[in-house]
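Enquirer: Top line first, the protein sequences correspond to chains A and B. With the working numbering applied, the first sequence corresponds to residues 1 to 476, in that order. With the working numbering applied, the second sequence corresponds to residues 1 to 484, in that order.
Since the hints were derived computationally from the structure, they do not count as laboratory data. In this text, all values refer to a predicted model and were calculated from it rather than measured experimentally. We treat Cβ as the ideally placed atom computed from N, Cα and C, and that holds for glycine. Be aware that a few hints might be false.
[Unchecked claim] Footprint (simulated), chain B over chain A, 3 or more residues, beta carbon under 8 Å:
{"hint": "1", "region": "139-150"}
{"hint": "2", "region": "378-385"}
{"hint": "3", "region": "460-469"}
[To be verified] The following label-pair restraints were derived from C-beta to C-beta distances:
{"hint": "4", "chain 1": "B", "residue 1": "Pro455", "chain 2": "A", "residue 2": "His115", "range": "51 to 59 Å"}
{"hint": "5", "chain 1": "A", "residue 1": "Glu159", "chain 2": "B", "residue 2": "Ser397", "range": "52 to 60 Å"}
{"hint": "6", "chain 1": "B", "residue 1": "Asp113", "chain 2": "A", "residue 2": "Pro319", "range": "31 to 39 Å"}
{"hint": "7", "chain 1": "B", "residue 1": "Ser298", "chain 2": "A", "residue 2": "Leu124", "range": "29 to 37 Å"}
{"hint": "8", "chain 1": "B", "residue 1": "Thr220", "chain 2": "A", "residue 2": "His112", "range": "29 to 37 Å"}
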Amino acid sequence: MKRPSVPVTRQRARHLARALLAPAALGFAVSALAAATPPASSEQRLEQRVEDLAEQLDALKAELARLQAERALAPPASVAAAPAAAPVAAGTSAAGFEKLSLWGYGEAYLTHPTHVSGESQADLARAVFGIGYQFDDRTSFNSEYEIEHAVASSGDVGEMEVEQFFLDHQLTPWGSVRAGLFLMPFGLLNEHHEPTNFYGVQRNFVETLILPSTWREGGFEFNAHGVSGLSVSLGLTTGMNLAGWDYAPEFPPYRNALELENNGAAPLQASHQELSLANAQHPSGHLAINYTGLPGLKVGGALFSGNAVEVPSAPNAPPTGTMRVTLWEGHARWQMSGVDLSAVYAHGAIGNTAGSNLANPGSPNPIPSAFYGYYLQAAYADGLNLGRYRLAPFVRYEYYNLGSSYAGAAPAIPAGSVPLSATPGDYGLWPKGQDRVWTLGANFYVTPNVVLKLDYQTFDVNRDFTRFDLGLGLAF
Amino acid sequence: MGVSLDGICRSARLPARVALAAILAGCGGASGSREPPPLARTLSPLAAVGEFLFHDTALSVSGQQSCATCHDKAHAFAAADGAPVPLGGPLMNLPGFRNAPSLAYASFTPGFDVIDGAPTGGFFRDGRASSLARQARLPFVTPFEMANADAAAVLARLRARPYFGDLEAIYGADIQSDPDQALAAIGEAIAAYEREGPAFHPFSSKFDAFTAGTATLTPTELKGLALFNNPGKGNCTACHPSQRQEFADYALFTDFSFDTIGVPRNWAIAANAPVPRSPVDGSLLTYTPLEPTLPAGSAYAYYDLGPCGPFAPAASDPAARVDLAHLSTMCGAFKVPTLRNVALTAPYFHNGVFATLREVVRWYVTRDIAVNQGNNPDPQLNPYAPGGTFYLAADGSADALLYNDLPLAFDAAVNIGEVPYTPPAKDGGQSPTLTSDEIDALVAFLCTLTDGFDPDHPEAYALPAECTGRAAGSAFHAAIARAH
Chain A
1 MKRPSVPVTR
11 QRARHLARAL
21 LAPAALGFAV
31 SALAAATPPA
41 SSEQRLEQRV
51 EDLAEQLDAL
61 KAELARLQAE
71 RALAPPASVA
81 AAPAAAPVAA
91 GTSAAGFEKL
101 SLWGYGEAYL
111 THPTHVSGES
121 QADLARAVFG
131 IGYQFDDRTS
141 FNSEYEIEHA
151 VASSGDVGEM
161 EVEQFFLDHQ
171 LTPWGSVRAG
181 LFLMPFGLLN
191 EHHEPTNFYG
201 VQRNFVETLI
211 LPSTWREGGF
221 EFNAHGVSGL
231 SVSLGLTTGM
241 NLAGWDYAPE
251 FPPYRNALEL
261 ENNGAAPLQA
271 SHQELSLANA
281 QHPSGHLAIN
291 YTGLPGLKVG
301 GALFSGNAVE
311 VPSAPNAPPT
321 GTMRVTLWEG
331 HARWQMSGVD
341 LSAVYAHGAI
351 GNTAGSNLAN
361 PGSPNPIPSA
371 FYGYYLQAAY
381 ADGLNLGRYR
391 LAPFVRYEYY
401 NLGSSYAGAA
411 PAIPAGSVPL
421 SATPGDYGLW
431 PKGQDRVWTL
441 GANFYVTPNV
451 VLKLDYQTFD
461 VNRDFTRFDL
471 GLGLAF
Chain B
1 MGVSLDGICR
11 SARLPARVAL
21 AAILAGCGGA
31 SGSREPPPLA
41 RTLSPLAAVG
51 EFLFHDTALS
61 VSGQQSCATC
71 HDKAHAFAAA
81 DGAPVPLGGP
91 LMNLPGFRNA
101 PSLAYASFTP
111 GFDVIDGAPT
121 GGFFRDGRAS
131 SLARQARLPF
141 VTPFEMANAD
151 AAAVLARLRA
161 RPYFGDLEAI
171 YGADIQSDPD
181 QALAAIGEAI
191 AAYEREGPAF
201 HPFSSKFDAF
211 TAGTATLTPT
221 ELKGLALFNN
231 PGKGNCTACH
241 PSQRQEFADY
251 ALFTDFSFDT
261 IGVPRNWAIA
271 ANAPVPRSPV
281 DGSLLTYTPL
291 EPTLPAGSAY
301 AYYDLGPCGP
311 FAPAASDPAA
321 RVDLAHLSTM
331 CGAFKVPTLR
341 NVALTAPYFH
351 NGVFATLREV
361 VRWYVTRDIA
371 VNQGNNPDPQ
381 LNPYAPGGTF
391 YLAADGSADA
401 LLYNDLPLAF
411 DAAVNIGEVP
421 YTPPAKDGGQ
431 SPTLTSDEID
441 ALVAFLCTLT
451 DGFDPDHPEA
461 YALPAECTGR
471 AAGSAFHAAI
481 ARAH
């Protein structure tokens, strides 16, 4: 598929498409109507979809031509000269509203550990609102604000977060720069974590525990998009902070699969800073390369490396030594004929952990020197035809290991029954940091933007984590 | 009922004041008032006066007691005599109520506060004083300690001291005539000495050398540290963090929280006896505070309930925490002490009920093995306690009461949710979280928290007998037996 001549960033693409696809709405409606008619042959459906796409492409071309014409007529915009108040002033006019974009997504779920039904939970996991603004044809702003777990107050576990807050500026038709708090271009999910974009009620473990989605850093990034489908991101950002590493968790940091995802127990979950008074002592660099030159194929990889803020040593002790965090991953996704195949491998390493670990023998949670995970996923995206609805079944196998090697001291995992909390009588096993997980489920799309999800997960090591999940997600 | 004197500093039993004065220097390292130690060059003028005050017995009514009497430098500023509570008063015959805590590292204690719902900090074992200075002034006017009637009596003695001019130079001439200001100045000077005096926080233990990379722990000590940290074994670090916290750049081995752990009643404390008498002369003690609000069914007339009483914050301390007498969840709670120098500070706990570290650890890891407070469905005799239990009645027999130093109504406040309070074993039943060998290793590690380790001369490291394997087997039971 021919890519647009003017490359756009992910967010911009989303907003631009939102604005430009309006003319294609009719085509989409026709498509939906067609889908609602009695079942046609798959060949007919395919033809209809091709037509729909062709109409949308025509609309994009037309709008692009209009924008290019406007730009040719207008004087070159100067970002530096733009007054800070311009967005507000513009927002009061009809033209200002055109430059403003709003979007959102969210997800709620019910999770039911089948072996420990008392730990079943229902949660409005996240409600996210996005605000974007197009300052000029080259400069745009995007931001997302997230409320986790429905209530964010001092007495609740919920949080209010700024998940993204960045500017993009187009330098050339093929290159742009980004600055602010932005998502790291790692894996398949981190930049595309809306619930309609992934299979399963919860995000996969590899891209939660090894790649700490939703992973964002503050800094700068240069993005280049080639006509051949090759794209490159090169960035300089804040990095990891190991100064607060918890060598002494008294209780297991998680007791079920949901807490495993949410409690920040994984190495990079525990050390990424989210630009919240982030220690900026050490800049980190990243490089991501993706290739999308063949229809339905995305393949790529990324590398992140930077010195972490170190575990503080005693005042009279020699410095701990540089603790470099290196994370790399490779990913591939192939969507063809309704089949959607994905694979991600991610590997992290932390250097110079021996001294700190040796000073904390007996800890159940030393700093690992390596951790990794991978998954293979197959889905049938076209799935069952249920009229206007779409049911996409999937299966995923994944393996994660939060500490595949340690320097200095291995974790001292308490054996047998241990208190899981300070509540008397609350006993259980200390979970292991690695597992093999099978997930079988389906996404049921009410519309392309609204999805109901159902899945069943089994855990090979931490067997009590086995669970049944039901979810609702939406994005607009 | 008689009370044994063997655990009490012997000099304190002598009725002759002269004899007391002669021997005090050897008891607890009290230096007396005659020859105050020279001013340390590193101390501020205020702290330098504080050093004099700390060692000056002339400010007590008895003329025989100073801070240093119960807070001996050679014992990490805890009592040197091994007694569960100190003696004081005008005739040095009045026993106190709590074991004298170590003052080493006390200056790192935060003021009392509730952090994340958990009471934290404050001074005295019950956190009732708002600052080190507020704490330091009170023994001067406590009847069973230095026993001055009031601040005016303290000032009268203070005026005659050779360093009074130094204090006056700092605070002005007003303290000549203002007893309250003078007493406040005393507290501030002593607090300054505790903050500035290097001996109060040398961070010179073998553990410090280990973390600094200038010494290695023996395999046994290292094993002990691992057990200390292991949440399924000792889990000591949960309240005594071996990692540094926000309070200091070094690990302090306390998080300054409060916990109700239900230690056994110590019948060697006079106040615990049905009829409290002086262990020195047998005279009836009339100053034992009685809690008027003890719950129904309490077995004894006197309990030390920590923040719930019997000692309330001083009215003169406006920044002190509120009176917690009616907060049952805090009844019997005491502030977690530092474990630095713990090998030097026997006996242990607020009531000094255990004489050795081994006894302490044995009790910790088997506390609930003979009872069921919701965490032990299969009670059995305690394998580490002679007679099957550490909880003894006044006559030395096994006490039927759980946590017998608490009224029954407050047993629910006892912490039963954390290791080492013996969770059920995997196969059901229950066993101590530490074996006997592991207890030895843990004690070996605790000994490495003793200050005074010189990496260049490790052979000169002076440790108490228990650390070198020469401790008596069951000092706890020996002491209890002597009490009867």
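Enquirer: Go through the numbered hints given earlier and state which of them the structure violates, listing their numbers in rising order.
Expert: Of the numbered hints, 1, 2, 3, 7 and 8 do not hold.
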